[in-house]
Amino acid sequence: MAIAIGILVLVVITLLFHFMSPWWFTPIASNWSSIDLTVDITFWITGFVFVVVNLFLVWVVIKYRHKEGRKAHYEPESKKLETWLSVITTVGVVAMLAPGLWVYGKVTQVPEDAEVVEVIGQQWHWSFRFPGADGVLGQTSVAVMSVDNPFGMRADDPAGQDDILIADAELHLPIDQPYKFVLRSKDVLHNFTVPQFRVKMDLVPGMSPYAWLTPTRKGRFDIMCEELCGIAHHTMRGVLVVEDEGDFQTWLQGYPTYAETAARPAGNPEVGQATYGLCGTCHGAQAEGIQQLNAPKLAGLDSWYMSRQLRNYKAGVRGAHEADSYGAQMAPMAATLVDDLAIDNVLAYIGTLPDESAPATIAGDAEHGKDLFITCESCHGKQGQGIWALNAPRLSGMNDWYIIRQLDNYRQGIRGAHPQDLYGKQMGFMARVVRDEQDINDLVAYINSL
Amino acid sequence: MAYVALADKDHEQHLHDPQSFISKYIWSQDHKVIAVQYSLTAIAIGMVALVLSLMMRLQLGFPDTFSFITPDEYYQAITLHGMIMVIYLLTALLLGGFGNYLIPLMVGARDMVFPFMNMLSYWVYLLSVLVLCASFFVSGGPTGAGWTLYPPQAVLPGTPGIGGGIVLMLVSLVLFIVAFTMGGLNYVTTVLQARCRGMTLMRMPLSVWGIFVATILGLLAFPALLVTGIMLLLDAVLGTSFFMPAILSMGEQTKTAGGSPILFQHLFWFFGHPEVYIVALPAFGVISDLVSVHARKNIFGYRMMVWAILAIGGISFIVWAHHMYVSGMNPYFGFFFATTTLIIAIPTALKIYNWVLTLWRGDIRMTVPMFFVIGFIFTFINGGLTGLFLGNVAVDIPLSDTYFVVGHFHMVMGVSPILVIFGAIYHWYPKITGRMLNDTMGKIHFWLTLFGTYAIYLPMHYLGIQGLPRRYYAMGDTSFLDESTQAMNAGISVAALFVAVVQLLFLFNLFWSLFKGKRAEKNPWKATTLEWQTPDNPPVHGNWGPELPVVHRWAYDYSVPGAARDYIPQTMAPEDVPRADDSYHGEEGEHQ
Amino acid sequence: MSFFRKVTSKPWEHAGELEGIHGDFQPVSTASRTGLVMFLAVVSSMFLLFIVSYYTRMQSADWEVLKDPRILWFNTLVLVLASVAMQMASNLSKRDKPGRASLYLVGGTVLTLVFIAGQVAAWEQLLVAGYYAASNPANAFFYLFTGLHALHLVGGIWFLVRLGIKLRQHDYVQAKQNVALCATYWHYLLLVWLVLFALLLRT
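Protein chains in written order, with our numbering: chain F, 1 to 450; chain C, 1001 to 1592; chain Z, 2001 to 2203.
There could be a bad hint or two in this list.
Said to hold, decoys possible - With a cut-off of at most 27 Å between alpha-carbon atoms, the simulated DSSO-like pairs for lysine-lysine come out as follows:
| id | chain 1 | residue 1 | chain 2 | residue 2 |
| --- | --- | --- | --- | --- |
| 1 | C | K1522 | F | K71 |
| 2 | Z | K2166 | Z | K2176 |
| 3 | Z | K2097 | Z | K2176 |
| 4 | C | K1443 | C | K1526 |
| 5 | Z | K2067 | C | K1255 |
| 6 | F | K67 | F | K180 |
| 7 | F | K63 | F | K80 |
| 8 | F | K180 | F | K79 |
| 9 | Z | K2166 | Z | K2097 |
| 10 | C | K1255 | F | K382 |
| 11 | F | K180 | F | K218 |
| 12 | C | K1526 | F | K63 |
| 13 | F | K67 | C | K1522 |
| 14 | Z | K2010 | C | K1526 |
| 15 | C | K1518 | C | K1024 |
| 16 | F | K79 | Z | K2010 |
| 17 | Z | K2094 | Z | K2176 |
| 18 | F | K67 | C | K1443 |
| 19 | Z | K2176 | F | K71 |
| 20 | F | K67 | C | K1024 |
| 21 | C | K1516 | C | K1024 |
| 22 | Z | K2166 | Z | K2094 |
| 23 | F | K67 | C | K1526 |
| 24 | C | K1518 | C | K1443 |
| 25 | F | K71 | C | K1526 |
| 26 | C | K1522 | C | K1024 |
| 27 | C | K1443 | F | K63 |
| 28 | C | K1526 | C | K1516 |
| 29 | Z | K2010 | F | K80 |
| 30 | Z | K2006 | F | K79 |
| 31 | F | K79 | F | K63 |
| 32 | C | K1443 | C | K1516 |
| 33 | F | K80 | Z | K2006 |
| 34 | F | K382 | F | K370 |
| 35 | C | K1522 | C | K1443 |
| 36 | F | K71 | C | K1255 |
Hints were generated in silico from the structure; no laboratory data involved.
Turn these sequences into a full structure, and let the hints steer you where they fit.
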């Protein structure tokens, strides 16, 4: 008897939970409402079966529980009953399968007017590529990927010259235009998911899976990786903005074509030397860093990293947080570099300066720090040397006091909180792995020993 | 093949010799002892996996709180939790444990046909468990590639345990497969060749059918895991490119090229899906027997139950790619695999109907095993129905890789088989130990486990519909999750901790009843099947004394009209059956 | 009775009938042979999946066909002879001639060892010529196939040695049945090798 009531209670709880829980599909932003419909159909059919079979079970258990003198009915099988049940079940299954396959048929058929965009996944970042004026994506190859050619563009393919390279984790798309997403992975399996779009697909190295959809609602959506891709899997986030065609075109024009990036001249250190004069007042003439002025060492730091930070400072992505007083000092300085060429020049000059390890100022338990560093080394490298492909700058030989301040900033959401600072957001996730001050000191002590 | 001892008269004598402690309990060739060894080892390593799941729940429920759970450790925990629960606990316990204990007793054999190989099976299994445990202690720790061990990341930097961890994992799997094969050959051959007189295939209890077909599935499907394991091992150790394409890893080009990660997934799931039924079919069989005994009624539609087991076993080999709808495989496969997957739902549904119809017009005894049976029927209906979402390709696309999947497979492959295992232990404990388990503790354990697990897994489905991805160490802020999601996650974690603590009550009951439990009668549930008809309780080595039993009827003669008692043991000849009414004669009573 | 008729019979009828097999004291070969057949099914499943993987992997552009060493032809001949020897041993032991049967068993073992040595020689030739496992999947598959196949033969030899001990102990009853099983096992492995060899030659 108790068990019958128990099952009844569970059925009631299930129904209440189903109708009252705040968790349901997030409002759809694509053409795939038919997918939601198949889910609804399945819910109605399975929900009906769930209630009917369980209520029958409850009734049976109450009615036929043991009483003095009861004897069970003897009936090995009933062909009629079993046949009927098979038929009804088959009908239910067909009622779910048929609409499912019909919708899936549409999922597999990309419409002819669909535009193409390539989604590129790597540990643990997103980047994107548009085919440009010719509408054809140029060929790529892992073999030619390098810090100067992160997309792996093949220089000999004319179709690739006008491809627009989005070396950012933010993608914009125009509303109501069908898009075919061609998916490419540089390293391991990833998965391209925007929950509001419903469709998702894995990125497989060596293959080009695809998915298609039409964005139908303007907004700013999260791109999630939903295939386990290593220890920073949960930080592999991107942003997809759906906007009007005009806004989209403006955004797109802010990005270079492959031909433009390839033709971009290298920075000139001699020109940069003059610009560096101003920087040197704080960072030191040899860019060795001056702790009293809270200016970190720059010599030996990866130039792609400094370039990104300078542009972030200029755009107000970094140094804009009210609690970031040192960043607030840097922001107007960065603004004195008028364009990308000026940035390249000054970075070229910093690249010529001697790289001597910064002095250690922090004491801690390096042995313990080594255990903590296991998480860090997945991106920053075993020696803390920095890895361009992971967008992780060098740590070893840099100022320990500066690393500590930045870790604190990340943990408190002072840095990495700006919606456009997706790399910083990632570090914010990882910085929270270190739980207290002692851990930070131990960690930095280990970095100092590298 | 010297281990074939049965026919040899000298060996036959040897079988009944009194034995020393070591040969009786350690190097034992007795299927019952091996079954207990398998079960205890599986439960022990299962406890490790349970603790790992608590680590995960602590992190998910209360992110940024516990310094001992880093992303590395989190991903190592999900990997080892999954692998241990699926392979080293469920497969080992249901086949190595229940299979070993029940098959010879239920088909009337003295032992497995190859007892030495059977013993070896356990020891190799233990070795595989130890190798697995060793991976916790190597530099870099165990692998964190997820239990599916998908290449390329399973062997590339960026994944925890790419040194010793992944190698030991794969070696352990290979050992497990060797152990399983040695055991499995025994189970199948024993069912086919060592049944006692009168025990036709269709007179076998459904437990034996379930275990038998599951073992055949295992024998044919585990080679797929072996093949993938060996090739991945070579990729990891020798640098071959079976599954490894050209890759940029940590900013540098690897030396690999041309390999196919999708090939790995096809091979893995060619094993992985039958594996689901390797766990489910024995559970189906056991539940059928429990429901029949405790409802004092024959299993409804025995033939349909056997056919369903065979059908499910067969179809389970052509549904594997429903795990791969969004994997990037040829999208047209989706049509085929969605259809086969939904077809397999039909025999499975029939099994559920027949369990409920067995209760219908029965004489239901509210014993602890019956509680677990009814609890199982409920959770399995739930888990089975959510399977229809994930099997249907269009419905699966938004749900795959979310907590909906986690909720579904824990309901159908976690909670349901575990409830069967508990029910089965309450049912057969008196046979194994000669004592009854404590009823009160059993009922408390049941209620708390059923409601606790439901509190864990029901909400997960809805979080998944909302888009909560699985295998995320931390969620952070998103544009699609309701603010209450984190509160629900914390609630789930509390429920998980609670359920884990409740299991200690079960372990305590197991231990306490061994010494203080009520002494069991020979056939406490008044069951018909052979294992309850042994001359000794618990049965001694050799099971049957000087004479093997002879079987006169099927395993489900409960409440037969005209018979004095509500059960007729399989060993009872028609002329020996006591009549309810002395004036009654003729054999119609037996034939319905 | 066919399997289909078995599983469609109504077991609740005919109580008291005792048809069906009788498990105790039955000839051991039946159980062992069933076990062996099941085992061969497992091994077949494994090699089949390897072959499927081979064909799938072959589609990739980086596949370079391996020129199979000519010694494989010689090895194949040796393995055929080993199989013949095992069959002779089986025939002779059935006719209760344990002495001559042992002779053929020894011959079969030696031939099998020669085969394995030949396979090792093939490996060496390939390694000397620079065909490493890591350099191309075709090479890797070659080592994998030949290695696993040889490993199964080694397992067979282990059983043969135990059989030899039985024979020396004059335990003919059991030995007789086991010789037949060994012969089956050898024929099966010969068949596997022929399939693998054909596959390696063709591609």
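Checking against the hints above, which ones are violated? Of the numbered hints given earlier, those the structure breaks are 6, 8, 19, 20 and 36, listed in rising order.
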